[in-house]
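Novice: Here are the chains, one letter per residue:
Protein chains: 2
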Amino acid sequence: MSKGLPKRSEDYSLWYNELVKKADLAENSAVRGCMVIKPYGFAIWEKMQAVLDQKFKETDHSNVYFPIFIPKSYLSKEANHVEGFAKECAVVTHYRLKNDENGGGVVVDPEAKLEEELIVRPTSETVIWSTYKNWIQSYRDLPLLYNQWANVVRWEMRTRLFLRTAEFLWQEGHTAHATKQEAIEETELILDIYANFVEQILALPVIKGRKSESERFAGADDTLCIEAMMQDGKALQAGTSHFLGQNFAKAFDVKFTNKDGKQDMVWGTSWGVSTRLMGALIMSHSDDQGLVLPPKLAPTQVVIVPIYKGDEQFEKISAVAKDIQSKLRAKGVSVKYDNRDTYKPGFKFSEWEMKGVPVRIAIGPRDLENGTVELARRDTKEKQIANVDGLDTQIVELLDEIQENIYNKAKTFQEENTYKANTWEEFVDIIENKNGFALAHWDGSAETEDQIKEKTKATIRCIPFDTPEEEGTCILTGKPSNKRVLFAKAY
Amino acid sequence: MSKGLPKRSEDYSLWYNELVKKADLAENSAVRGCMVIKPYGFAIWEKMQAVLDQKFKETDHSNVYFPIFIPKSYLSKEANHVEGFAKECAVVTHYRLKNDENGGGVVVDPEAKLEEELIVRPTSETVIWSTYKNWIQSYRDLPLLYNQWANVVRWEMRTRLFLRTAEFLWQEGHTAHATKQEAIEETELILDIYANFVEQILALPVIKGRKSESERFAGADDTLCIEAMMQDGKALQAGTSHFLGQNFAKAFDVKFTNKDGKQDMVWGTSWGVSTRLMGALIMSHSDDQGLVLPPKLAPTQVVIVPIYKGDEQFEKISAVAKDIQSKLRAKGVSVKYDNRDTYKPGFKFSEWEMKGVPVRIAIGPRDLENGTVELARRDTKEKQIANVDGLDTQIVELLDEIQENIYNKAKTFQEENTYKANTWEEFVDIIENKNGFALAHWDGSAETEDQIKEKTKATIRCIPFDTPEEEGTCILTGKPSNKRVLFAKAY
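Keeping their order, the protein sequence lines are chains H and C.
Just remember that this note's numbering sits 1 ahead of the position in the first sequence, which is counted from 1.
Just remember that this note's numbering sits 1 ahead of the position in the second sequence, which is counted from 1.
The set of hints was computed from the structure by calculation and includes no laboratory data.
All of these numbers come straight from a predicted model, not from anything done at the bench.
Be aware that one or more of the hints could be misleading.
Copies of the same chain are indistinguishable here, so a pair counts whether it falls within one copy or spans any two.
[Stated by the list, open to error] In silico DSSO-like links for lysine-lysine, alpha-carbon gap of 30 Å or less: (1) Lys56 <-> Lys332; (2) Lys297 <-> Lys114; (3) Lys48 <-> Lys297; (4) Lys134 <-> Lys382; (5) Lys297 <-> Lys56; (6) Lys209 <-> Lys454; (7) Lys337 <-> Lys209; (8) Lys337 <-> Lys48; (9) Lys480 <-> Lys323; (10) Lys256 <-> Lys4.
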């Protein structure tokens with residue numbers, strides 16, 4: 002903890018990497034591209050999981066578990082799907098090691114070669130739809146509303162902790178429906194759950210919209226998404242919800258008898274959020290002193306640090322601290338009393354700042370006399386003297402205020418850095434100099450999209466739901482367009 | 002649901018397989034040896050997870066996540082460990098597929114061969130201790146008390162749903178300590194958590210003890226375990242807690258500076274329970290009509306079935322049912338009102354019986370008049386007429402009673418089928434005819450253990466903690482022994 006972070010303004014990327022390490026969230030493992038999620042990072046992820054899991058269950062989804070391995074032939078059944086995932090998948094070819102007869106240690110046993118290679122799941126549509134085939138006969142069996150919390154592997158060449166890792170954790174929902182309309186409604190329901198979750202819990206405003214065709218999930222007819230702005234003005238896709246049409250039903254021959262006694266193909270959706278959300282959380286709120294956590298995700302919401310000389314002072318301060326702790330716990334606040342005698346208060350202050358604890362209480366000898374404490378907010382760094390009397394109520398309110406303030410700050414930042422681009426020059430200026438989001442007209446063609454990406458690295462993050470119909474001309478080609486879409490560089 | 006189960010007495014093994022399917026718990030997947038855990042089965046597993054996770058956290062353990070892949074060279078660093086796992090592991094050799102130039106579909110890209118093969122974790126000691134090396138410098142860094150919930154893969158040739166699958170879900174705890182004593186105490190603490198959990202939540206009595214050397218975990222100095230008796234008299238290992246000594250610390254060079262400023266090797270433990278517990282749960286309590294669930298693990302504790310003719314009766318009964326439901330929910334009981342109009346009451350009764358719902362309430366027209374319901378217990382199949390008035394309190398008590406009764410029944414069964422064997426003939430009779438557990442003297446040698454296994458298929462399940470020191474002679478060799486050990490056939 003002795004050394005601080007690089008400044009965001011000087012090297013945003015290095016700042017992020019160092020923050021993830023210094024706040025004890027995660028680290029790279031010995032296995033290329035795979036991360037170790039450390040206890041503090043995992044505690045935050047667990048809080049995210051708990052909230053989302055409850056929201057899924059409240060909307061009648063159940064959890065299930067499907068195998069980690071996918072037979073190669075399954076992956077190949079949906080043409081777009083295999084195209085999207087074949088180039089970056091871990092392939093299991095053998096099921097045994099043996100001692101090398103020539104003394105070379107333990108080697109793969111060539112006699113234990115699998116008849117068919119297995120792919121470590123990059124996503125589970127194929128293995129799930131091959132199973133749904135057996136679970137669905139009649140309209141009475143529908144809908145199937147299932148989700149799983151799982152690890153997946155995509156062999157990314159350039160990885161960054163949380164943002165892009167070869168293995169990551171996620172939830173993947175896979176639903177099956179009797180009608181197109183019902184599947185579309187499910188896709189929208191989930192997008193709303195994601196958006197509300199990210200805004201209310203991660204305190205991060207998002208833009209809801211739909212992907213352009215070239216950014217769609219491999220195998221979907223439509224991909225809805227939420228996009229968030231990081232502090233460097235780049236976009237981060239925070240969740241996707243796919244309307245799969247009948248693509249996987251067709252690939253795996255999943256039919257049902259409808260109410261009229263006729264055979265129909267099943268409609269599907271899939272949707273997921275991942276440990277990438279940890280990256281979004283870290284990047285969007287934190288500062289040069291460390292992590293800033295919204296209270297709803299902070300494993301420790303309040304830390305109490307005693308400032309004392311000698312055992313007698315320590316005893317008296319501890320009595321007050323423990324009383325505050327128990328009152329706050331009774332109100333559902335998680336509180337740590339940092340009574341370590343091996344570190345000085347200043348060191349503790351820095352450590353908890355680095356770890357983003359929303360509220361710090363310091364208690365010194367003068368506070369003892371006055372019946373007060375020093376109350377410090379992590380988000381604004383404001384300090385105030387507060388009375389011990391009524392402190393619990395004050396802190397509960399303060400935590401709500403912090404949650405709201407963090408959201409509002411991010412919302413203001415997003416709004417201030419989102420621009421309308423009406424010409425190519427304006428567009429380039431927004432993307433390359435202002436480092437913002439650009440709302441611009443686009444002629445709707447994949448070629449134009451590609452060219453814009455090639456020239457500026459900006460991609461269409463989404464076609465936002467809430468931008469109005471509006472006559473205009475494509476910023477690159479000048480062709481007509483009736484809606485602005487959202488462009489940005491992205492993680 | 003139309004067909005019943007095979008009888009336990011006729012074909013226990015088939016009964017189990019059919020029960021797992023008919024109660025909608027799990028099924029085999031298209032991938033050899035891997036299972037699909039269905040929503041109802043997964044809901045039970047989630048309840049197990051929630052209880053255990055809380056117990057771990059109450060004893061200061063935190064959750065973490067380590068990579069699914071283990072470099073081949075890591076697995077090899079601990080000699081016994083690699084010996085134990087190399088013969089049954091899934092090996093990733095490539096990281097990409099490509100389109101076959103000769104039109105053979107999608108094939109492994111030979112150019113995407115990994116420099117070093119990766120093993121899909123069969124357990125995570127090696128990858129974790131290689132990381133602990135970086136996390137531990139001083140005695141101040143100890144202990145590390147970490148756990149992860151994860152999937153693991155062991156390439157078993159003969160698999161059975163839940164009991165033995167190529168992929169399974171589990172938790173694996175991995176702790177590091179400054180002293181041998183502290184590590185041993187951790188091993189014992191966890192064994193107690195496991196034993197209490199299985200007895201109090203799964204309602205399954207266990208025998209605590211230690212494994213013989215040949216049954217120890219590959220890489221451990223000592224393996225403690227809990228063993229449970231299934232209804233066919235076979236044993237099922239329900240959890241293990243390993244004292245690793247300094248074996249993994251030595252393999253990965255994990256040292257720390259102790260309080261005296263000297264370098265010491267770190268001491269370790271590891272421990273786990275898995276989805277095997279689902280197998281134990283199913284096998285131990287269920288009957289020829291289906292699953293019997295202890296209330297503490299039942300996703301639905303009470304089901305209400307209306308018996309009616311016509312809409313008017315249905316409305317009136319529904320009003321009573323919903324009132325009962327909301328009162329029970331207010332007391333924390335999970336209740337389903339089965340108001341499906343597509344099935345008759347008899348069908349519903351069988352279905353909920355198959356799924357092991359502890360309490361069934363039926364409400365008919367006569368009940369309406371009398372202010373009563375019919376109350377049926379799944380465990381004893383006893384029925385009684387109960388007043389609607391006070392029903393919620395009665396059911397809360399009944400659920401406790403059922404939990405206790407299921408445990409007591411299993412305890413009595415275990416005691417009645419555990420015998421002391423003093424001669425080889427008695428031993429063989431117990432194992433082969435009585436189908437029970439045999440407490441017998443053993444000379445302590447691995448050779449004798451092997452011979453007994455070869456002759457009878459019985460293995461030493463554990464050296465129980467609670468059997469007294471007692472002079473005797475080995476049932477096979479007649480050599481002296483001072484303690485009886487527990488023999489049984491096992492899953």
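Novice: Can you name, in rising order, the numbers of the hints this structure does not satisfy?
Specialist: Failing hints, ascending: 2, 4, 7 and 9.
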